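Novice: This is what each chain is made of:
Protein chains: 4
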Amino acid sequence: MSGVKIVTIGGGSSYTPELVEGFIKRYEELPVRELWLVDIEEGKEKLDIVSSLARRMVEKAGVPIEIHTTLDRREALPGADFVTTQIRVGLLDARIKDERIPLSHGCMGQETNGAGGMFKGLRTVPVILDIDKDIEELCPDAWLINFANPSGMVTEAVLRYGRKNKKVVGLCNVPIGMEMAVAKDFGIDHSKVRIDFAGLNHMVFGLNVYVEGKNVTKTVVDRMAKGLFNGSPKNIQDVEWVSEFVKGLGIIPCGYHRYYFLGKEMLEKELAEFSKGETRAEVVKRLEKDLFELYKDPNLDIKPPQLEKRGGAYYSDAACRLISSIYNDRGDIQPVNTMNNGAITGIPADSAVEISCVITKDGPKPITVGELPVAVNGIVQQIKSFERTTIEAALTGDYNTALVAMTINPLVPSQTIGKVLLDELLEAHKKYLPNFKEYFESR
Amino acid sequence: MSGVKIVTIGGGSSYTPELVEGFIKRYEELPVRELWLVDIEEGKEKLDIVSSLARRMVEKAGVPIEIHTTLDRREALPGADFVTTQIRVGLLDARIKDERIPLSHGCMGQETNGAGGMFKGLRTVPVILDIDKDIEELCPDAWLINFANPSGMVTEAVLRYGRKNKKVVGLCNVPIGMEMAVAKDFGIDHSKVRIDFAGLNHMVFGLNVYVEGKNVTKTVVDRMAKGLFNGSPKNIQDVEWVSEFVKGLGIIPCGYHRYYFLGKEMLEKELAEFSKGETRAEVVKRLEKDLFELYKDPNLDIKPPQLEKRGGAYYSDAACRLISSIYNDRGDIQPVNTMNNGAITGIPADSAVEISCVITKDGPKPITVGELPVAVNGIVQQIKSFERTTIEAALTGDYNTALVAMTINPLVPSQTIGKVLLDELLEAHKKYLPNFKEYFESR
Amino acid sequence: MSGVKIVTIGGGSSYTPELVEGFIKRYEELPVRELWLVDIEEGKEKLDIVSSLARRMVEKAGVPIEIHTTLDRREALPGADFVTTQIRVGLLDARIKDERIPLSHGCMGQETNGAGGMFKGLRTVPVILDIDKDIEELCPDAWLINFANPSGMVTEAVLRYGRKNKKVVGLCNVPIGMEMAVAKDFGIDHSKVRIDFAGLNHMVFGLNVYVEGKNVTKTVVDRMAKGLFNGSPKNIQDVEWVSEFVKGLGIIPCGYHRYYFLGKEMLEKELAEFSKGETRAEVVKRLEKDLFELYKDPNLDIKPPQLEKRGGAYYSDAACRLISSIYNDRGDIQPVNTMNNGAITGIPADSAVEISCVITKDGPKPITVGELPVAVNGIVQQIKSFERTTIEAALTGDYNTALVAMTINPLVPSQTIGKVLLDELLEAHKKYLPNFKEYFESR
Amino acid sequence: MSGVKIVTIGGGSSYTPELVEGFIKRYEELPVRELWLVDIEEGKEKLDIVSSLARRMVEKAGVPIEIHTTLDRREALPGADFVTTQIRVGLLDARIKDERIPLSHGCMGQETNGAGGMFKGLRTVPVILDIDKDIEELCPDAWLINFANPSGMVTEAVLRYGRKNKKVVGLCNVPIGMEMAVAKDFGIDHSKVRIDFAGLNHMVFGLNVYVEGKNVTKTVVDRMAKGLFNGSPKNIQDVEWVSEFVKGLGIIPCGYHRYYFLGKEMLEKELAEFSKGETRAEVVKRLEKDLFELYKDPNLDIKPPQLEKRGGAYYSDAACRLISSIYNDRGDIQPVNTMNNGAITGIPADSAVEISCVITKDGPKPITVGELPVAVNGIVQQIKSFERTTIEAALTGDYNTALVAMTINPLVPSQTIGKVLLDELLEAHKKYLPNFKEYFESR
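Residue numbers (full-length UniProt numbering), protein chains in the order written: chain A, 1 to 443; chain B, 1 to 443; chain C, 1 to 443; chain D, 1 to 443.
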C-alpha cells in the first residue's frame with residue numbers, strides 16, 4: 001500500500017493541530033496515508049477533541065489522510081514508517097511540580113535542563129525506551145522522531161540503550177526558531193538562511209550564520225550585542241545579554257543559554273513568577289485549557305492562530321521537513337539531535353549532539369565541526385555529563401547516582417540543596433518513577 | 001662541573017626553607033651544587049632573610065650546597081638544570097584583593113579557580129612566559145618546575161606558548177596531600193600508598209587508591225562518606241560532604257571540589273571570614289609576617305615547625321622528589337601537571353592535565369586513563385575552558401575575552417556580576433596587567 | 001567589477017578545452033569574467049595553441065569570458081577568485097621516467113601512489129607551495145583548486161605548510177567517475193546517484209551508494225562481484241576482481257585499489273606495456289601530440305571529442321561544479337580532498353582526506369564518517385603515512401627520509417630495491433629537485 | 001590457603017621447564033603453591049615427560065611448589081590466580097603447513113603475521129575464547145596470560161569477545177629480547193636498560209632507548225645502521241638493514257619488521273629453506289624431538305641449556321616478572337599486549353597494542369605515547385586491520401571475510417594468490433576450523 005504511515009504517541013497534545021497542518025501543507029511531497037494518534041487513558045478526552053479537529057482539518061484541505069485514534073500503541077505501531085513521540089509523563093501537573101518545588105527552595109526549576117528537567121528525564125526516559133522496545137517488535141525499521149523533552153537526553157538514552165539500528169532523531173524548535181529570527185531580522189525568507197549549529201539540545205550554538213550564502217556571523221553577533229537581535233523562543237525570559245560577553249563569544253548562543261550565563265537574573269524573574277503562581281507550567285496549563293476549548297468548536301477546521309502563543313512554534317515545520325527529507329532522501333541540511341560519531345571533537349562518538357546534518361533516507365549525517373570554540377566546550381560537556389548521569393539514575397533507580405546528577409547540574413548551587421530538591425521531587429513524582437521502587441520501599 | 005644547579009624564582013618566599021630542607025635531606029641522591037634564589041626589588045628584604053637562613057641550614061647540615069642570591073634572573077639562569085618558579089605577582093596584597101573584591105559582591109573569590117584565581121592567572125601567565133623566554137635563551141635544556149598558582153593554567157600556557165621542547169612541569173601539593181591523608185588514615189607509611197590521579201590542577205580526582213597494592217578505593221569512599229576521612233589541605237574550609245554524593249561519585253574528590261559541589265556552604269564560610277577581615281589572604285599575610293620574624297633569628301638553622309601552618313605542606317617533598325626522579329631517571333610514579341597527549345580521552349592532546357605520570361629523565365609520561373568517569377568529565381572540561389579562555393585574555397589583553405572567561409567560571413553566577421567583578425579587579429590590578437594597556441587607555 | 005576571475009596554472013595543458021567548455025556551459029550560474037591561462041616558458045607553444053582554441057570556443061558560444069595568457073603567474077594572480085593548478089613539473093618526459101625506471105627493476109611505477117608517484121610528489125609539492133605563497137601575497141582570499149597529481153599529497157602539503165586560511169581543495173575525477181559509472185549501470189541520470197565517499201585520493205571507497213534515495217550498495221557490490229559493474233577510469237588496467245573479495249569487502253573500491261589488492265596482475269600488465277614502449281606515459285605523450293595537432297585547426301571551436309580518450313574525463317565537470325557551488329554557496333554534496341577535522345576517526349584532524357562534503361561559500365565541510373570499515377582502515381593509513389613522509393622528504397631534501405617513504409610504499413617490495421629506485425629516480429629528476437641540492441653535492 | 005595457584009594450558013610444551021625455572025628463581029617474591037600443567041590427549045606423553053622433569057627441578061631446588069597434571073582444564077581452573085596459555089592448535093605439523101603451503105606458491109608463510117599466521121589465528125582464537133569462557137565460570141578473577149601466537153591477535157580477540165573484566169595480557173619475548181640485546185651491546189645489566197615500546201605484537205618499535213637513564217636512541221640507531229647492533233630474535237633470518245633506512249626511521253624496529261621492509265630478501269631466504277625441507281617449523285620439530293629426549297633423562301633436574309636454541313628465549317623471564325609484578329603490585333614498567341585505551345592516538349581505544357605499561361595489581365596501565373611516528377603508523381594500522389579482520393573470520397567462519405583478511409595482509413601480493421593460499425590452507429586445517437563447517441559443507 002502506498003503512502004506513509006505515521007504514529008504520534010501523545011497524540012492528544014495541543015500541538016497536534018500544528019503537525020496535522022504541516023502534513024496537509026506538504027501532502028504533495030509527503031503523502032501521509034494514515035496518521036495514528038495514540039494517547040493514554042488519562043488523555044482520552046483531549047485525544048477525542050484533537051482527533052476530531054484533525055479530521056475536520058483534513059477534510060477541509062481535501063487530502064486523503066486517514067486519522068486513527070487508539071489508547072493502545074501496540075495496535076497503532078505495525079507498519080509504521082515514522083513514530084513521533086510528544087508525551088508528557090505526569091501531564092502538566094508534573095511539570096508544575098518540576099518548576100515550583102525547586103523555586104520553593106530558591107532554585108531554578110527549568111523544565112528541561114535544571115532540577116525540574118532532570119525529573120522530566122527520570123520520568124520520560126524509561127517510557128520512551130519501552131516505546132522503542134515495542135517499535136523493535138512491531139515496526140523495527142520505523143524512524144522514532146522524538147519531540148518529548150528533554151529531547152537530547154531522550155535521544156542519548158535511545159542511542160545507548162535502544163534499538164541496535166539507532167533509528168532515532170531528537171527534534172527541537174530552538175534551532176529552527178533561531179533561523180526564523182535571523183530571516184526576520186534580515187527581512188528575507190527562511191530558505192535563504194543557514195546556520196551551522198553545534199552543541200546539545202537547549203545548549204546549541206550557531207557557529208556560523210549565512211544569509212544568501214554570505215557569512216554574516218559577525219553582523220548577527222554585533223546586532224545581538226546591541227540588543228537589536230534576539231533568537232530566543234518566546235517561552236524564555238527576556239533578560240538582556242551583556243554586550244561585551246556576546247562579542248567576546250563571537251558565536252550565537254541560544255535562548256536557553258541565559259540560564260547558564262545570566263543565572264542570577266533568570267532566577268529572579270522565575271522567583272517573581274513563582275510567587276504570583278505564574279510559573280511557565282501554570283501559564284501553559286491555562287493556555288492549554290483555553291486551546292482545548294477552542295479545539296472543541298465544531299466549526300474550527302484549521303489550526304487556530306492562538307496556538308502560536310503556546311510556545312512550540314515551528315515544531316511542526318521542524319518535524320515535517322525532517323520526515324519529508326528522510327522520506328525523499330533530500331540531502332538537505334537540518335539541525336537535529338543524533339549520534340555524534342566524531343563530528344564534534346571531544347564528545348564521545350556514541351553520544352547524542354544537536355548539530356547540522358545532511359538528511360538522507362538513511363537518516364541524519366552530521367556535518368563535521370571539529371573542536372567547539374574553547375569558551376563553550378566546557379559547558380556543553382558539563383550538560384552532557386548531567387544528561388548521561390541522569391539517564392543512569394533513570395534506568396537504575398539509584399538514589400546516590402541521582403544525587404550526583406542533581407549536584408553536577410550547573411543550576412543547582414550545592415549538593416545539600418540538591419539533596420533537598422531530590423528528596424521532595426522523588427516524593428512528588430513517586431508514581432511515575434517505578435525504577436526507584438527499591439528506594440521508596442527502603443525509606 | 002658536577003652537581004645540579006637549581007634556580008628558584010621567587011626565592012624570597014616563606015616556602016624556601018622547605019625547599020632547602022628537601023635538598024639537604026636528599027643530598028645523597030640529588031647533589032645540588034648551586035641554589036640560586038632570585039627575587040625582585042620589592043622582595044629584597046625577604047630574600048636576604050631567607051637566604052641567610054638557607055645558608056645557616058646548609059652549614060648546619062654540612063652539605064656543600066652554595067646559596068646564591070640575585071635580583072636579576074638573567075644572571076642566575078645560565079647553566080641551570082632546573083628552574084623553579086614560586087612567584088606571586090603583586091604579592092599578598094594582590095591576593096587580598098583577589099579574594100575581597102568578589103566577596104564584597106557576594107561572590108566567591110577563590111585565589112586559584114574563582115574570579116580571584118582568574119586574576120592571579122592574568123597577572124602570572126605573562127610573567128612566567130617571559131621567564132620561559134629567558135630560559136630558552138640562557139639555559140634552554142633546563143626543566144621549568146612551576147609552583148606558582150594557578151599551576152595548571154600556567155602549565156597550559158607554557159605548553160602552548162612557551163619553548164618548543166615543552167620542558168615544563170606544574171606542581172601542586174594537593175595530590176601528595178591526599179596520599180599523605182590516606183597513609184595517615186591507614187596508619188602506614190606514605191610509600192605504601194598509590195593513587196591514580198586524573199583531572200586538572202585543583203580539580204583532580206583519585207580514581208583508584210591502592211594501599212600496599214590492594215585497591216581500597218571503596219573503603220576510602222565509604223570512610224569519606226561517613227566523614228571519617230578527609231583528604232583536603234588545611235587551607236580549605238571544612239564543609240562536610242553529603243554521604244550519598246560521595247558514594248554516588250565512587251571516586252575521591254580533592255578538597256577544592258567543595259567549591260563546585262558545596263558552593264553555597266563554602267561561600268557562606270568565606271563571607272563570614274570576609275566580614276571579620278580574615279580571608280585566607282589576610283590570615284596568610286599575618287602568618288608570613290610572623291614567619292619572617294622567626295627566620296631572622298640568627299640562631300635558627302633548621303626549617304621552623306611553624307611553617308607547617310602556612311598551608312603549603314608537602315610542596316618541598318613534591319618538588320624535591322620530582323627533581324630527583326628526573327635527575328635520576330627513576331621511573332617512579334608521581335602526579336604532576338603535564339601535557340595530556342591522549343592520556344585522558346576527550347581533553348585536547350596539547351592541554352595540561354594533572355595526572356599520575358612515570359617520571360624519567362625525559363620528564364613525566366602520563367599513565368593512560370581513558371575516559372574520565374562520566375559524572376566528573378563535565379566539570380573538568382568546564383575548568384579547562386575557563387583556563388584556556390583566561391590565558392587567551394591574559395595574552396591578548398582583550399576585555400571581551402576576559403568577560404567570557406569570567407562568565408564561564410562556575411563560581412560566577414551571572415555575566416552581569418562577572419562584569420562588575422571584572423571591572424573592579426582590572427582597576428585594582430592595573431599595574432600588573434600591562435597587556436591590558438589598550439583597554440585602560442580607551443576607557 | 002562583477003563576474004569571477006579564474007587563474008589556471010598549467011593553462012597550456014591539453015585538458016584546458018574541457019575546463020573552458022565547462023565554464024561556457026555554466027555561464028548563467030557562474031559568470032566567469034576573466035580566465036587567465038598561465039604556463040612556463042617551455043609550455044609557451046602549447047599555451048598559444050590552447051588559448052587560441054579557448055578564444056574560438058568562447059566566441060562561438062557567445063559568452064563574454066576574457067581569455068588572457070601569461071608566462072608570469074604573478075601578473076595573473078591579483079584579484080583572482082579561484083586559482084586552479086594543473087601543472088606537470090618536468091612534463092610528460094618526467095612521467096615516462098617515473099614509470100619506466102621502476103618497471104626496469106621489475107617494480108610498479110604508478111604515477112600517483114607508487115615509486116613514480118612519490119617522485120611526482122617530490123617535484124610538485126614545492127612548486128605548489130610556492131604558488132600558494134604567491135597567492136598569499138597577491139590574492140590571499142582566492143581558493144586554490146588543485147588538479148595536479150598526486151592531488152591528495154599536494155592538498156596535505158598545502159594544508160600543513162601553506163596559507164593559514166587553508167583555502168585549498170584537491171580534486172580528482174575518480175569519485176565523479178564512479179558516480180557516472182553507477183548512473184550508466186542503472187540507466188539513470190548522474191544527478192540521481194549519490195555515493196558516500198571516504199578515504200584518500202586514489203584510495204577512496206564508496207561506503208554507500210544511493211540511487212534515487214534508495215541504498216543500493218549491496219546491489220552494486222553484487223554486480224561488481226559478478227564482473228557486471230566496474231567503476232574504474234579508463235587509464236587503469238582492467239584486471240578482474242575476485243568475486244568473493246568484493247563481497248567480503250561490502251563497499252565499493254575505486255579503480256586504483258587494484259594496485260594494492262591485485263598487485264601481481266597489475267604489475268604483469270605494466271611490465272608487458274613497458275617492454276613494448278607503451279607505458280601509460282608514452283601512450284599519453286602520443287595522444288597529446290595528436291590532440292595539439294587537432295587544437296591547432298583554426299576551424300575547431302568546440303572541445304574535440306578525441307579528448308575523452310585522454311583519460312581525464314569529468315575533470316571539467318568536477319572542477320566547474322565545485323567552483324560554482326562555492327561561488328553560489330550551494331550546500332550540495334561533492335567528494336573532494338580537504339581537511340579531515342575528525343570526520344574520519346583515527347586519521348589526524350589536520351590531514352587531507354577525500355570525502356563527501358557539503359560545499360558552501362566557506363568551502364567544503366566533510367560529512368561525518370566515523371570509523372572506516374576495519375578491513376580498509378589499514379591501507380588508507382598506510383598511504384597517508386607514505387604521503388606525509390614523502391612531503392617531509394620533498395621539503396627537507398633528506399635522503400634518508402626519502403628512502404623511508406619509498407620503503408613504506410606498499411608497491412615497493414623491499415628497501416634494497418627501494419634504494420635502487422630512489423638513486424636512479426633522484427638522478428633522473430635532479431633538475432626538478434632543488435631541495436635535494438645538498439644530497440647531490442655530497443655524493 | 002596462601003600462595004599462588006597457576007594453571008598452564010599447553011603444559012606439555014617444551015618451554016615449560018623455562019617457566020618452572022622462573023618460578024623457582026622467584027620463589028621468595030612469588031610463592032607459587034600449585035602449578036597445574038594442562039594438556040590435551042594428544043599431548044599426554046609430552047605432558048608426562050615435562051611434568052616429571054618439573055617435579056625433579058622443584059625437588060632439587062627445595063621449594064614447596066606442587067606440580068599437578070590433568071587432561072581436563074576444568075579440573076585445574078577452580079581457584080587459579082593466573083592462567084597461562086601456551087597452546088599450539090594442531091601442533092607443529094600445523095605450523096609446517098602454515099609455512100610450507102604459502103612458500104609452495106612463492107609466498108611468505110610467516111607463522112605469526114603472514115598467511116600462515118592468519119591460519120594460526122583462525123585455529124587459536126576460538127580455542128582461547130573457550131578457555132576464557134571456562135575461566136569466567138570457574139575462576140573469574142584470574143589473569144589470563146597468553147603466550148600463544150599470534151599473541152596480539154589473541155589478546156585483541158579476548159578483549160573484544162571475552163570476559164567483561166578484560167583480565168588478559170598478551171606476552172611476547174621480542175621486546176624483552178630487544179632490551180637484552182641493548183644491555184649486551186652496552187655491556188651492562190638488563191635492569192639498567194629501559195625502552196619505550198609502542199606498536200603491535202611482532203610489529204613493535206622501540207621509540208626511545210635509555211641506558212642508565214640516558215636517552216641513547218640515536219646511538220643505538222647509528223649502531224644498527226652500521227650493522228653493529230641487531231635486536232632480533234634468533235629465529236628470524238638475519239638480513240641486513242639498509243643503513244640510510246634505519247637512520248631515516250630514527251627509532252628501533254623489531255626483528256619481524258624485516259618481513260615488511262625487506263620482504264624480497266626474507267622471501268628468498270625462506271624459499272631456500274623450503275626447498276631444503278628446513279623451514280623454521282621443520283627445524284623446530286627436530287629440535288623439540290631432541291629436547292624431549294633430554295627431558296626424559298631421570299637425572300636431569302635443571303632446565304637443560306639446549307633449550308636456548310629453541311628460540312623462545314626470555315619467555316620465562318617475561319612471564320614470571322609480569323606475574324610477579326601483578327601479584328606484588330610492583331608498579332614497574334614492562335612491555336605487554338593490552339588494551340590501548342587512548343595511549344596510542346589513532347588506534348581504537350578498545351584494541352590491543354604492545355606497549356610499555358606500568359604493572360599493578362589491577363594489571364597493566366599503558367604509558368601514554370600520543371601519535372606514533374608518521375612513517376610507521378601506516379604499517380601498524382595495516383596489521384591491526386589484518387588482525388581484526390582475521391578475528392572476524394575466525395569467529396564467523398565466513399569465507400569472504402577470510403579472503404579479505406588474506407588479501408590485506410601485506411605479505412600477500414594479490415587476492416588471486418590469496419585465494420589459492422586460502423583454499424589450500426582451509427583444506428589442510430579443516431579439522432581445526434569447526435567454525436568454517438558451513439563453508440566446508442557447501443563446497
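Check before you lean on any hint, since a few could be wrong.
Computed cross-link-like contacts, SDA-like style, restricted to lysine to any residue with a CA-CA straight-line distance of at most 20 Å [stated by the list, open to error]:
1. C:K214 to A:S324
2. B:K419 to A:E268
3. C:K361 to A:D189
4. A:K226 to B:T416
5. B:K164 to D:N215
6. C:K218 to A:D329
7. A:K218 to C:S2
8. A:K419 to B:D222
9. C:K214 to A:S2
10. D:K164 to D:S2
11. D:K264 to C:D423
12. A:K214 to C:K214
13. C:K419 to D:K164
14. D:K264 to C:P410
15. A:K214 to C:G331
16. D:K192 to B:G363
17. C:K214 to A:D332
18. A:K419 to B:S243
19. C:K192 to A:D329
20. D:K192 to B:D362
21. A:K214 to C:P410
22. A:K264 to B:S104
23. D:K164 to B:V4
24. B:K164 to C:G331
No wet-lab data here; the hints were simulated from the structure.
On a predicted model such as this, the values are computed, not experimentally measured, just so you know.
Novice: Check each numbered hint from earlier against the structure, then list the numbers of those it violates in ascending order.
Specialist: Violated: hints 7, 10, 12, 13, 21, 23, 24.
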